[in-house]
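2 protein chains.
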Amino acid sequence: MSPSNPVLSHHISSQFNEDLQDVHTKFMTMGGLVEQQVANAIHALLDTDENLAIDVQFKDNVVNQYERDIDEGLTLILARRHPAAIDLRMVIAMSKANTDLERIGDEASKIARIAQNLCEEGESPRGYMETRHIGNQVRVMIHDALDAFARLDVDQALKVVMADVDIDREYQSATRTLMTYMIEDPRHIARVINVMWVLRSLERIGDHARNISEQVIYMAKGMDVRHTSIEEIEQKVNQK
Amino acid sequence: MSPSNPVLSHHISSQFNEDLQDVHTKFMTMGGLVEQQVANAIHALLDTDENLAIDVQFKDNVVNQYERDIDEGLTLILARRHPAAIDLRMVIAMSKANTDLERIGDEASKIARIAQNLCEEGESPRGYMETRHIGNQVRVMIHDALDAFARLDVDQALKVVMADVDIDREYQSATRTLMTYMIEDPRHIARVINVMWVLRSLERIGDHARNISEQVIYMAKGMDVRHTSIEEIEQKVNQK
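For the record, the sequence lines run as chains A and B. For the first sequence, this note's numbering begins at 1 and goes up steadily by one. For the second sequence, this note's numbering begins at 1 and goes up steadily by one.
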């Protein structure tokens with residue numbers, strides 16, 4: 001399944017290996033699904049595809065079910081197998097990242113709901129260029145974070161953390177632009193505010209991708225790098 | 001410490017008990033701090049108290065440090081003590097709720113940053129009545145969720161979950177009110193949008209309080225009630 005992941009191939013107990021593999025596979029599947037949900041939500045918004053917007057909201061149930069299944073799997077591993085060292089870290093990291101994946105699914109669903117409303121009103125509002133741009137970046141971040149998770153790749157995880165800093169800056173700038181649109185033409189306030197909520201969701205998705213990447217560093221290096229500046233993270237990672 | 005909490009008094013191993021007590025105490029202390037952060041952030045906003053707004057942002061570091069300490073304590077318990085049954089559920093629930101507490105701290109910090117900006121500009125914008133009202137409700141929710149956690153009180157946890165439904169409804173209504181303010185007087189768009197972000201943060205805090213309460217139900221009953229309607233939760237809880 002994940003031949004390059006060192007955690008998933010070193011166990012003597014084949015039953016433990018199977019259990020962990022099983023949850024890991026579910027986690028990666030959920031990740032792929034969530035990535036698709038975000039892509040579809042943005043697509044539905046920008047191309048005013050109402051059916052797709054409805055589909056994204058509907059599929060949020062599937063994401064939620066994955067979250068429950070994964071947590072249940074992890075709890076069983078803890079109860080039966082008493083993992084230690086890097087195995088324990090993988091279980092903990094997956095439990096945290098699982099929450100982040102579900103939240104990304106939530107944000108995709110919120111974007112899809114707004115897309116559905118905007119579809120009904122027709123005509124695309126201003127701010128779509130910014131949405132497309134930030135949306136694309138955020139999708140890459142989710143993909144890279146999951147890839148880093150699958151391969152326990154600290155360098156890739158670091159890249160995602162850095163990308164989140166860009167996103168935050170671009171989100172600020174896009175918000176300012178939207179504010180001027182509203183002041184210029186107050187008739188479109190309600191519509192532009194909807195685009196603002198979308199940007200906010202995208203910014204949050206970036207945060208969650210960053211969180212997942214921080215869990216990759218925890219898993220691989222045993223270091224808790226949450227609430228730490230990029231310079232500090234780089235320094236810490238290179239020390240070990 | 002928590003004489004009424006059945007999980008914290010039944011252990012034969014006194015070392016295990018001490019470890020779990022220790023993390024539990026930290027968790028409750030963090031909870032109290034976070035509750036205060038939210039109260040102070042709202043206070044700073046409504047009474048244009050800039051110093052308090054700065055203090056809230058500054059103290060976010062303390063909240064973050066608690067999050068790290070608690071997770072470290074929980075990991076050590078998992079590695080050394082191999083908790084089972086309700087003990088394991090308490091460790092897992094505390095790990096999840098820990099994340100929620102930290103996010104509540106984040107939202108308080110965001111509110112405080114906005115409060116600081118608004119202080120500098122002087123003059124209180126419209127929408128403060130809504131903020132005060134929802135702010136008070138959300139504070140009660142955090143308090144009740146933590147209280148339910150400390151006493152493993154499922155009924156109280158259920159009450160918090162129900163309160164979250166009210167918050168969501170009032171948030172929607174307040175957002176609509178703010179929208180009309182902006183359309184009526186576009187000169188205040190920037191300021192009213194800031195109040196909108198505050199309301200959004202409060203609504204998110206309500207979600208986190210609900211999440212913590214769901215973990216209380218998981219801890220006490222072993223049931224995962226996330227993504228479940230209130231009717232279903234009540235039914236499930238009463239079945240057991």
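Hints should not be assumed to be uniformly reliable.
Claimed, not checked - Mimicking EDC-like on lysine to aspartate or glutamate, the simulated pairs with C-alpha atoms at most 16 Å apart in a straight line are:
#1 A:26 x A:55
#2 B:96 x B:69
#3 B:110 x B:203
#4 A:221 x B:72
#5 A:110 x B:69
#6 A:159 x A:147
#7 B:110 x A:72
#8 B:96 x A:72
#9 B:159 x B:234
#10 A:110 x B:207
#11 A:110 x B:234
#12 B:110 x A:203
Treat the hints as calculated values from the structure; they're not laboratory data.
(Q) Output the indices of the hints that this structure fails to meet, ascending. (A) Hints 1, 5, 7 and 11 contradicted; others consistent.
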